[in-house]
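Here are the chains, one letter per residue:
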Amino acid sequence: MSIDTLARADERVKSESVFAKLMKRPELGAIGGVVLVTVFFMITADHTMFTLSGIMNFMTPAAQLGILGIAAAMLMIGGEFDLSIGSMVAFAGMLFGVFVVNIGMPLIVAIPLTLAIAAALGATNGMIVLRTGLPSFIVTLAGLFVLRGAALVGLKLFTGGSTQLRGVREAVEGDFLAPIFSGDAFGFVMRWLAEAGIVDSFKSGVPKVPGIPVEILWFVAFALIATYILLRTPVGNWIFATGGDSLAAKNSGVPVRRVKISLFMLTAMAAALIAIITVIDAGSTDARRGFMKEFEAIIAAVIGGCLLTGGYGSAIGAFFGAIIFGMVTIGLTYTHFDQDWFQVFLGAMLLLAVIFNNVIRRRVTGER
Amino acid sequence: MTAPIIHMENIKKHYGNVIALNGVTFDVRAGECHCLLGDNGAGKSTFIKTMSGVHKPTEGSITFEGKPLSFQSPRDAMEAGIATVFQDLAMIPLMSVTRNFFMGREPTKGKGIFKRFDIDTANEITMTEMRKMGINLRGPDQAVGTLSGGERQTVAIARAVYFGAKVLILDEPTSALGVRQTANVLATINRVRGQGIGVVFISHNVRHAMAVGDRFTVLNRGQTLGTASRGEITAAKLQDMMAGGQEMAELEGSLGGTI
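Same order as they appear, the protein sequences are chains A and B. Each residue of the first sequence is one higher than the last, beginning at 1 in my numbering. Each residue of the second sequence is one higher than the last, beginning at 1 in my numbering.
Derived from the structure by calculation, the hints contain no laboratory data. Since the model is a prediction, treat every value here as computed from it, not as a measurement. Hints are not guaranteed to be accurate.
Unchecked claim - Calculated pairs, DSS-like style, for lysine-lysine (alpha carbon to alpha carbon, straight line, at most 30 Å): (1) B/K56 to A/K250; (2) B/K166 to A/K250; (3) B/K111 to B/K67; (4) B/K115 to A/K250.
Chain B on its own, in the form it takes in the complex (with noise of 0.2 Å):
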């Protein structure tokens, strides 16, 4: 097995008397996609946040690429390879797929005040990166605003991976979509493995993790509850230690097996 591109080692975080993560051990290598699964509360959501840059963690070791590392900012860590695309998406739907996926990051040509956002290059390479994707946009000039939600996840990730992303962490990218939204995300994660790139994906649906997982941890009540390869758990034991235990398999049982 390669060695991890980041690992994140006893991952402990306090709000002053709240104790949000409690001991957490993660890491993902090249061309994997680890799940992180936990119910709501579980610290998923401060767990990414610490990871990509947002916040400090109050214990606890990065090492990114062999290396300690201690992100000041978000900023960081997008520098050093690691994206995140969080729920929100961080897209302005009455701006064109091609505007939002180099906002910020404009390609330009021509000098001084004659310098200018190259918009021929970046229509075609927007094209393109989402072609790879296996979207086919009706133009470079659509608005996002009228592309689906798991089309926007879509391009949220083609944007991540075009600048670089070595470590690309999905905050439940599958949770408000559809049946064949979702296949078209899992399908895109899959792609994203193919290149080399490290994903983390978040959820609290089984079904979606086991789809394209390759390793599963599960935190509850801030802390992981340890790491298991695909074909080494089932997905009822997955979802029984998320829910922390008996009370799951219990009410499982008198709902006849429908969760």
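Here chain A stands alone, though its shape is the one from the complex (with noise of 0.2 Å):
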């Protein structure tokens, strides 16, 4: 058979539709998610929901979990799970607060050192997987308890006794890096827009929605970056690889070691950067910060289309399963159900999207 005649179509195979390649996404099921539930609320909540104020107010806790999400998508696609970020989010503040309050460092050095030792954290989970071969899920649900523990002895060795640290926004208050990790961006651009009468304004002139939240900003970012680097770098490449099946990405070539630490370093910086977030929003931090916050983060990448087993998934897709959840919670008061229908619907949503994402990935791999 010569080169020629094979260059012909093959007869049996039928010309994809875009939609059916669409049908291929995992983002897929976490954006038909998010439809559903601009149309539930559309329908069920107050309009004010989707004014601009209302939107700002259901993307803040879906950034903030969010950033979280895109991590544990990543790490996830990568073949493993980390417990313990949703503690690691209350370790980091408790370093955090220590470092800006107790020590009175200036964030240029408390942020870089919370990270780092939030870094070596993950790093470490990491090693212990890889040396052991035991599965990560039993490693990290250690760290969940370990770091909540270490949290709470932390908080209460440093304040003499309570759960709770104060007296960080006065801390960091006119720290030139505060901005960037707080309260509102683009304010001239919202009081802009104000004065043109694009956006709503008080009767005072000033805007009803001050800037879009720092951790929106960032929450964007890291899932443009997050999607960049899994689809278009070697990297990228290896994360999949390293999480399709381990034995055959080390047989050709693929580092896979430094790529599951990194992942597991990723993740615990990501949990370190909402810790500093949310610390300094909210002015103090407590032991119970990022409380379940592993598990919603887990579900916002199986929604988003992850696979449990690995090797598939999407950075964009947790974006939009963060979204979701975000949504949720939030919407629930712009209507008149009971807000604690939450629960319900995010355990009924998990398990609808483990079942569409295995109907995906049948479909990927031709299983029939």
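Put the two chains together into one complex, using the hints given.
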């Protein structure tokens, strides 16, 4: 058979429609979910939910969860879990609080130090998983308790018995790095838009939305960078390969150990970043910070199309997964429903997403 | 005849008091297909693992392109140009053909932090290489999981050839395949041989070996029973040697020549 005859299309292969191609993307479920949830709240919720200030209201918690969710998604694609990220938020928050309040470090020292310690702890998690060959699920479950406990003990130690450390806002006030990690950005744009009458403003002329909360910008930037890395760099290919079959990846020359340890460091640093942002925002830190966030992050990743077995998923999916989360948590307060329906909704959503992902996986691999 | 690319002389491999290989002599020349035949447990796997650098031999010498050589790791062997396609293929079903093809060896473009996976070039090379092997992909983004066993085998072979293999070791490439797919893989072996690559074809199926082999070496109980060229030996004789002599002939007689 010559190459020419083979260049003809195989007659048994039907050309694929754009729709069929879209059906194979991992983030499809999450985007569909966002549409469904939006329609649901359009019908049931007060119309103020979808005004600019309403959107900022639900995007803020979405962003805080989403940064964790995207990191968790990348780790899941790499074939591992990290159940310690929620506790890491509390632990890193405690460290950060002690650094700025008790020791009086400026942010330019305190932030890199907090991130570095978190990264070292993440690397330790990864090293233990690789050395022992145990499932990361168990290893990081231990981390969940160890870090939560350490955060509690640390707080009591440095506050003289209290589980809350106050005074962060006063300590960081005026620091030149503070605006990058707290408050609202692009305030001047909002004021300008308010003057032009494009966005709503109070009678005094001050815009109702003073700016975009910085975590939303972090969230969007992180989603874009993560997607770029996954889809367009060799490292992204290594992450998929490592999660798909680490032995096959290793035999093909992928530095599997380095990939896994880097991903554990990334999730830990994402948790530390959330700790820094939320602690500055609240002005204090406590031992319950980040409670249950590890599960919520994994749920966001799964809604975003990640397979529990690794090797498949998307950062953009986790981005939308986190938005669904934010919309439902905050959105229910705009409706007449009892807010506690949230958890029921969450569980149902997770189950649906897992079933849906399984179908998509069969479709991609052509299993019948 | 040209000099062999790799020559393995009197290779012995002991695991504690178990003698897995007890004097195996084997060589491969450029552009030939040398079949290594043997029944299960004859030592085929141990031998190819020695050849591909996974195991170090207890005794014996390896000469690669005329120079004595000892591989410290599979990576050494790979860099020297010995590529092995194992039965499990080292393919990831959820990933696209392109991503599998370049796994661990991605082409890049751009500099510094803008250095990125050159996916267009990668796609193009994959499509061309696969077409050369006689497989028309639906698209470079097709997941490997959707390919048939024979096609996956071909992707693995094409990948090894593209990355400059001089010796290609195929571990039972046809053992799990249907008739049509086997024919395709054998045709691929023929193509690869035509490009001047030395192919080591491991099998216990004499008919598949006879279809493409230039030389045949039979391994039995950790020893080579000799090498024969094409035309010097019949399929029945090879079958006999693999089984270790008489019993097979008797068994075959009683089964009416169906094996």
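The hints, checked one at a time:
Proximity of B/K56 to A/K250 is assessed by CA-CA distance (about 20 Å); at most 30 Å being required, the pair is judged to hold. For the suggested pair B/K166 and A/K250, the alpha carbons sit about 22 Å apart, so the restraint of at most 30 Å is met. For the hint linking B/K111 to B/K67, the alpha-carbon distance of about 39 Å lies beyond 30 Å, and the restraint is violated. Of the supplied pair hints, the one linking B/K115 and A/K250 holds, its CA atoms being roughly 23 Å apart against a limit of 30 Å.
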